[in-house]
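There are 2 protein chains.
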Amino acid sequence: MNTTIPERLVSLRNEMGNKGLSACIIPTSDPHQSEYTAECWKFREYLSGFTGSAGTLVIGMDDAGLWVDSRYFLQAEAELKGSGITMYKSSLAETITPEAWIASKEYRSVGLDGALFSMKEVHYLTEYLNRNNIHIDATFEPYEAAWQDRPEFPKGEIYLFPEKFAGETVESKLERVRAELRKNGADAMPLAALDEIAWFFNLRGSDIEYNPVGVCFAFVDQTNAWIFTNPEKLTKETMDRLKAAGVLTAGYNDLPELLKKVKGERLLIDKTRINQKICSSIPAGNSVIEAASPVARMKALKNETEIAGFRNAMIKDGIALTRFWKELEEQLAKGDDTISEWTISERIAELRSQQGNYVSDSFGPIVSYNAHGAIVHYEVSPESAYPVRKNGILLADTGGQYFDGTTDITRTFSLYDETPARYKEDYTSLLKGVIALSTAVFPVGTRGAQLDVLARQYIWKRNINYLHGTGHGVGHFLNVHEGPQSVRMNENPVILEAGMTLTNEPAIYRTGEYGVRVENVMLVRNENTSEFGSYLCFEVLTLFPLDHKSIDLSMLSREEKVWVNAYHARVFEVLSPKLTGEEVAWLKGKTKKID
Amino acid sequence: MNTTIPERLVSLRNEMGNKGLSACIIPTSDPHQSEYTAECWKFREYLSGFTGSAGTLVIGMDDAGLWVDSRYFLQAEAELKGSGITMYKSSLAETITPEAWIASKEYRSVGLDGALFSMKEVHYLTEYLNRNNIHIDATFEPYEAAWQDRPEFPKGEIYLFPEKFAGETVESKLERVRAELRKNGADAMPLAALDEIAWFFNLRGSDIEYNPVGVCFAFVDQTNAWIFTNPEKLTKETMDRLKAAGVLTAGYNDLPELLKKVKGERLLIDKTRINQKICSSIPAGNSVIEAASPVARMKALKNETEIAGFRNAMIKDGIALTRFWKELEEQLAKGDDTISEWTISERIAELRSQQGNYVSDSFGPIVSYNAHGAIVHYEVSPESAYPVRKNGILLADTGGQYFDGTTDITRTFSLYDETPARYKEDYTSLLKGVIALSTAVFPVGTRGAQLDVLARQYIWKRNINYLHGTGHGVGHFLNVHEGPQSVRMNENPVILEAGMTLTNEPAIYRTGEYGVRVENVMLVRNENTSEFGSYLCFEVLTLFPLDHKSIDLSMLSREEKVWVNAYHARVFEVLSPKLTGEEVAWLKGKTKKID
Numbered sequence: 337m338n339t340t341i342p343e344r345l346v347s348l349r350n351e352m353g354n355k356g357l358s359a360c361i362i363p364t365s366d367p368h369q370s371e372y373t374a375e376c377w378k379f380r381e382y383l384s385g386f387t388g389s390a391g392t393l394v395i396g397m398d399d400a401g402l403w404v405d406s407r408y409f410l411q412a413e414a415e416l417k418g419s420g421i422t423m424y425k426s427s428l429a430e431t432i433t434p435e436a437w438i439a440s441k442e443y444r445s446v447g448l449d450g451a452l453f454s455m456k457e458v459h460y461l462t463e464y465l466n467r468n469n470i471h472i473d474a475t476f477e478p479y480e481a482a483w484q485d486r487p488e489f490p491k492g493e494i495y496l497f498p499e500k501f502a503g504e505t506v507e508s509k510l511e512r513v514r515a516e517l518r519k520n521g522a523d524a525m526p527l528a529a530l531d532e533i534a535w536f537f538n539l540r541g542s543d544i545e546y547n548p549v550g551v552c553f554a555f556v557d558q559t560n561a562w563i564f565t566n567p568e569k570l571t572k573e574t575m576d577r578l579k580a581a582g583v584l585t586a587g588y589n590d591l592p593e594l595l596k597k598v599k600g601e602r603l604l605i606d607k608t609r610i611n612q613k614i615c616s617s618i619p620a621g622n623s624v625i626e627a628a629s630p631v632a633r634m635k636a637l638k639n640e641t642e643i644a645g646f647r648n649a650m651i652k653d654g655i656a657l658t659r660f661w662k663e664l665e666e667q668l669a670k671g672d673d674t675i676s677e678w679t680i681s682e683r684i685a686e687l688r689s690q691q692g693n694y695v696s697d698s699f700g701p702i703v704s705y706n707a708h709g710a711i712v713h714y715e716v717s718p719e720s721a722y723p724v725r726k727n728g729i730l731l732a733d734t735g736g737q738y739f740d741g742t743t744d745i746t747r748t749f750s751l752y753d754e755t756p757a758r759y760k761e762d763y764t765s766l767l768k769g770v771i772a773l774s775t776a777v778f779p780v781g782t783r784g785a786q787l788d789v790l791a792r793q794y795i796w797k798r799n800i801n802y803l804h805g806t807g808h809g810v811g812h813f814l815n816v817h818e819g820p821q822s823v824r825m826n827e828n829p830v831i832l833e834a835g836m837t838l839t840n841e842p843a844i845y846r847t848g849e850y851g852v853r854v855e856n857v858m859l860v861r862n863e864n865t866s867e868f869g870s871y872l873c874f875e876v877l878t879l880f881p882l883d884h885k886s887i888d889l890s891m892l893s894r895e896e897k898v899w900v901n902a903y904h905a906r907v908f909e910v911l912s913p914k915l916t917g918e919e920v921a922w923l924k925g926k927t928k929k930i931d
Numbered sequence: 337m338n339t340t341i342p343e344r345l346v347s348l349r350n351e352m353g354n355k356g357l358s359a360c361i362i363p364t365s366d367p368h369q370s371e372y373t374a375e376c377w378k379f380r381e382y383l384s385g386f387t388g389s390a391g392t393l394v395i396g397m398d399d400a401g402l403w404v405d406s407r408y409f410l411q412a413e414a415e416l417k418g419s420g421i422t423m424y425k426s427s428l429a430e431t432i433t434p435e436a437w438i439a440s441k442e443y444r445s446v447g448l449d450g451a452l453f454s455m456k457e458v459h460y461l462t463e464y465l466n467r468n469n470i471h472i473d474a475t476f477e478p479y480e481a482a483w484q485d486r487p488e489f490p491k492g493e494i495y496l497f498p499e500k501f502a503g504e505t506v507e508s509k510l511e512r513v514r515a516e517l518r519k520n521g522a523d524a525m526p527l528a529a530l531d532e533i534a535w536f537f538n539l540r541g542s543d544i545e546y547n548p549v550g551v552c553f554a555f556v557d558q559t560n561a562w563i564f565t566n567p568e569k570l571t572k573e574t575m576d577r578l579k580a581a582g583v584l585t586a587g588y589n590d591l592p593e594l595l596k597k598v599k600g601e602r603l604l605i606d607k608t609r610i611n612q613k614i615c616s617s618i619p620a621g622n623s624v625i626e627a628a629s630p631v632a633r634m635k636a637l638k639n640e641t642e643i644a645g646f647r648n649a650m651i652k653d654g655i656a657l658t659r660f661w662k663e664l665e666e667q668l669a670k671g672d673d674t675i676s677e678w679t680i681s682e683r684i685a686e687l688r689s690q691q692g693n694y695v696s697d698s699f700g701p702i703v704s705y706n707a708h709g710a711i712v713h714y715e716v717s718p719e720s721a722y723p724v725r726k727n728g729i730l731l732a733d734t735g736g737q738y739f740d741g742t743t744d745i746t747r748t749f750s751l752y753d754e755t756p757a758r759y760k761e762d763y764t765s766l767l768k769g770v771i772a773l774s775t776a777v778f779p780v781g782t783r784g785a786q787l788d789v790l791a792r793q794y795i796w797k798r799n800i801n802y803l804h805g806t807g808h809g810v811g812h813f814l815n816v817h818e819g820p821q822s823v824r825m826n827e828n829p830v831i832l833e834a835g836m837t838l839t840n841e842p843a844i845y846r847t848g849e850y851g852v853r854v855e856n857v858m859l860v861r862n863e864n865t866s867e868f869g870s871y872l873c874f875e876v877l878t879l880f881p882l883d884h885k886s887i888d889l890s891m892l893s894r895e896e897k898v899w900v901n902a903y904h905a906r907v908f909e910v911l912s913p914k915l916t917g918e919e920v921a922w923l924k925g926k927t928k929k930i931d
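Residue numbers (the numbering used here), protein chains in the order written: chain X, 337 to 931; chain F, 337 to 931.
Any copy will do: because identical chains look the same in the list, a pair fits if it lies in one copy or spans two.
Here are the simulated DSSO-like cross-link-like pairs (lysine-lysine), alpha carbons at most 30 Å apart as the crow flies: (1) Lys897 / Lys929; (2) Lys441 / Lys519; (3) Lys519 / Lys425; (4) Lys662 / Lys929; (5) Lys885 / Lys760; (6) Lys662 / Lys726; (7) Lys572 / Lys491; (8) Lys797 / Lys897; (9) Lys456 / Lys519; (10) Lys797 / Lys760.
If you're looking for bench data, these hints aren't it; they were derived computationally from the structure.
When you get a sec, could you build the whole thing from the sequences and use the hints?
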C-alpha cells in the first residue's frame, strides 16, 4: 500500500467521473452481508483508513463522509485525521443520514456496488434517492481502477464438518429445507449468508478471522443443490461427499448465470440476506416469494448433538479460564509487573488452545483494565495495552471456537484488596439483572424484546443503561453473533424457541473509570405445559464463577443468593473432575456459598 | 324489530344479489373507527344477534361466519344458535381469517361499506382479495334495503367542555396542532376519531354509552377548522364559542364535499383512523402524508389541569368504593341474602353518582363472583347475576366519568373467613407483578411492550398467563380505553411519555372457579436525568386499598411489603379527611401495615 488516503480518493473520483457519477456509497459488507469480511472486501477501510468493523463511507466529488456508530466515535475521529473525510455519528437522532446528506449536496447520480447491499437496502435507497430526483447506478465496481494491490479472493479450504459434531447429515438437512420451501409455497432458494451455507451443507472454512466459514453461495431446489465457490477451495473428498448428497459445485460467480436460466420457479428470496446483484439476475416469469430464510431459523435451533457439543465447549472454557484466573491472582500477589491487557489476552487464548478440538478464538478478545473497560468494543493490542496491576477492575470478554461449539463469556474481576463500594453496587445491580433474565419463564411465542427489561430493570432504577443488546444468538462452531433471535430493546419479531442459544450480557460503562459486564451463554429449553399453554426457560451453559469480591451481598435477595450458590455448586461439580488438586482447592474458594 | 335473524339475512342477500355481490363483510365499527358505537351503527348485531363489543361478520350467498375473540367464544356460540351463522375463534392461529375464508369459498365479488373500515384495512383487504382474483366493492351500503327500523342518527347535544377542566383553550390547541402539521410537512388534516375531536375542540357529548363523545368529523388547515355534525346537536352558545376560535360548523356528511374542493394541499392522513370513504374523496393533486394523528399523542399527554382532575376523580372513586366495601362487609356479616352481582354494580354506580361532577359510569361494570370472574368481559345483568355470599371471590372492575377525569379500577376481594391458599398464591403472584410494573424506572424512548413482562413475570413462573393487555391509556373525561400508548405483549412502536396515563391490570382466570385482577391507573412521570440519559417512572393515581385477606405475606419481599405499606398509608392519608369517623376507623384497618 504505497498510496495515501487522499491519493486513493483521487483515483476513486476519477473512476466516478468516468462513470458519470457525482457520489458513491461504500459499505463495510461483502456480497454475503457478513458482519466481518475477508480482506478482499475491506474497500471502505482501504479508502478511508478507518479500521472499525462497521461504518458507511460516502464519497462525493467535493466532499466525503463516514458514518459510524457510538462504538467508534473516538477511533474514527483519530483514524480519519488528514483524510479529508468528515465523521458523522450515525446512532444519534440529530445526525443526517448518508442518503439525506447526498440529497442535501445535490449530487445527482450515485453509484454503488449492488453486490455489497441487500436487495432491501437497494430498494430503500433507490426509492429515497429517486424521490429526490437522484439517479442510482448499482453496478459501480471501481476496484480495478481505484484499489491498488487489492487482496486476493480468500484461498482457505472449505472442509467437511464431521457429522459426529453436526448431528445431522446433509441429506437430512436438504430434505428439511426443501419441505420448508414447499411450506412457504416456494420451489427453490438462493443462499448467500456464509454461516447458513456452512450449517446447511456441513461445511466449514477459514476465510474470515474468528468465523469458521468459507466464502461461497448456494442454491437449492426440489431436486438439486449447488455450492458456488472457487474450485480450488474444495478437495476431491469434499466434492465427492457433496456429490453423494446430490450437491453440485460451480464457480463463485456462477450463481447469477444459473438464476438467469431458472424458468417458472417460485423462488424464496430473503431480501435482507440476498444482495441486489443476485436478485437482479432473476428473470421475469419466476415468482418471488419474500420470506425470511428458513435456514436461519433451522440453524438457530440446535439439535441434541450440537447442544452436547456446547456443553463440552463450556467445560473447556471453564477449565482454561479457571487456570487463567488462578494464575493471575498468584502473579498479582507476587507483584509481577509484566502483566498487561495484551499478555492476558494472549494467555487466555493459549490456555484455550490447550483444550481438545480447539480451532481459534471466536472473536477479537476484549481484555480491558479500568478506563479501557468503558470502551465497549475495546480491541487490545500490544501498543495500546494497559499494564494490569492490583487495585483495579479487569473486564475479560473472550471466546473460543471448538469443533464441539462456540463460546462467548465475559467476567469482570475486582483486583482490589478493598473493592470500592460504587463498583460493587454497579456489579451487583448488573448481576441481579443477569439472574432475573436467567431465571425467566415465558410462554411460547415470546420475543426477545419482551424479556430484555429483566436484565436492565435494576440498573434502570439507578438511572444507568447500556446501548447494545442484552443477548445475541451464538452459532455452533460458527459465527459468535448469530441471528435471527436476540434479546434487545429494539423490536425483533422473531420468537424464542427451544434449542436457541442466546447470550445474557448486560453492562455498565463508566467513562474514564471502568466497565462492568457479565456474560453467559444460555440455551432456551422447554419448561412445562399447563392449562395456560406451554412455557420455556433458559439454562445457563457457561460454567465459570462470578467474582465474589465484586458482589455487595446486602443487595441480593434470598432467591438471588440461592441462584448464585446453585450456579457455583454446578460450576464446581462439573469443572473440578477435570482440574488438578491445587486448582480444585482454589475453585472451591471461588465457588464458596454466599449468605 | 319484528324479523328473525334468518329473515334479515334473506333481505341482505337479496340486496347483495342486486349489487352483484356474492359476499359482504360487516364489521363492528362506525365511520369513526370507534371501539363502541352509537345504536345506528350496530348493523352486525342486528344481522347476527351477537351482542358483544367486537366481531366481524361475513355473509356469503350460501354461508355465513362470525369471527370473535376469546372473550366472546361462549357468548357468541349461545347467541348465534339458529342463525345459520358459524362462529370462528379469531384469536387462534389455526383459525382461518375472514378474507381467507372468502377466498376458500370462491366468492368472486365482495362488498363492504368503506365508511366502516379504516383506509389501511381496505388497502389490506383489496390487496389480499385482488391477489385471489376477487373483486371488492367498497360502496355497499345495504341499510335502506336490509335494516328495518334502523335507529336514528344520535341526537345527543355536543356541549362545551369548560376550560377549567380542560386546562387549555381551543385557540391554543389549534395553534399546537397546526404547528405539528407543519412539522410533519403537512398543511391540513381530516379527523374522524371522536375522542380526538372532543379533546381538540373542548367538546363533549353523549352519543355513545359510557364514552362522553359526540358523533362528528373535523378538518383543520393552517387558517380554518370545521366540525361536521348534525346542526341540531350544537347550541348557539357552542357554535358561537367555536366561531370565536375560528372553527366553522357544517353537516355530518359534508367532510367529503369539502375534501373534494381541496387543491394543492399536503394532507396528513392517519390511515388507521380515517375511513376509506373519506380517503377516497381526496382529489388527486393533493399530496398525502401518511402519519399517526398528532392529536392522538397530544391528547394522551395530560396537562397539569387534567392531571389535577385525575387526582380529584381518584379521591371520589376511593370514597365511593370505601363506602361500598364497608357496607358489603357489614351486609355479609349480617347474613344479608339480597346481595347479587347486579345489586353490587348498581350500588357502586350509586355511590359514585353521589360524588361531585359525576356524569356516568365509564364502562359497563364487571362485577363477577366466583366462576363469573373467569369470564374476562363478564357483563352483569339482573338475569345472569349470581348471588354474592360469604366464602367466595368477588371481582369488581368499574369506573366513573367525572368532569375532572375518568377512572378505571379493579379489585378482587376474598369474602372467605379462611381464604383458600391457592387463591392467595394467585393473588399474591399477581400483586408482585402489579408492584414490579408500578415501581419500574425506564429511559426515555421505552415502549410499553418492553415493560409488559414486569407485570407477568411472577405468574409466568407459575405457568399462568392472561391474553389481554396489561395496560391501556385512559382518557381525561373521555374514553376509558385510549391510545396510542399501551403496555402489552404485542409490539406497539409508541413510546411512553411523561403525562400519559396507563392502567396496570394483570389477571388470572381460573375457568369455572374465579378470576383475579388488580387494576390501578398510573401516570407516567419524569424521574431523573443522569449521565446515561433521562428516566421516567410511574405514579399510581388510583387510591383504594388492596385486599389484605388475599395476600400471602410469605410470598412478598421486604421491598414489596414496603411498597404495599407506603401505598396504603397514602390511600389512608388522602381519603380519610373526606370520610366519616366510622369510615375512617374501618379504612384504618384495611390499610394497616403488613410485615
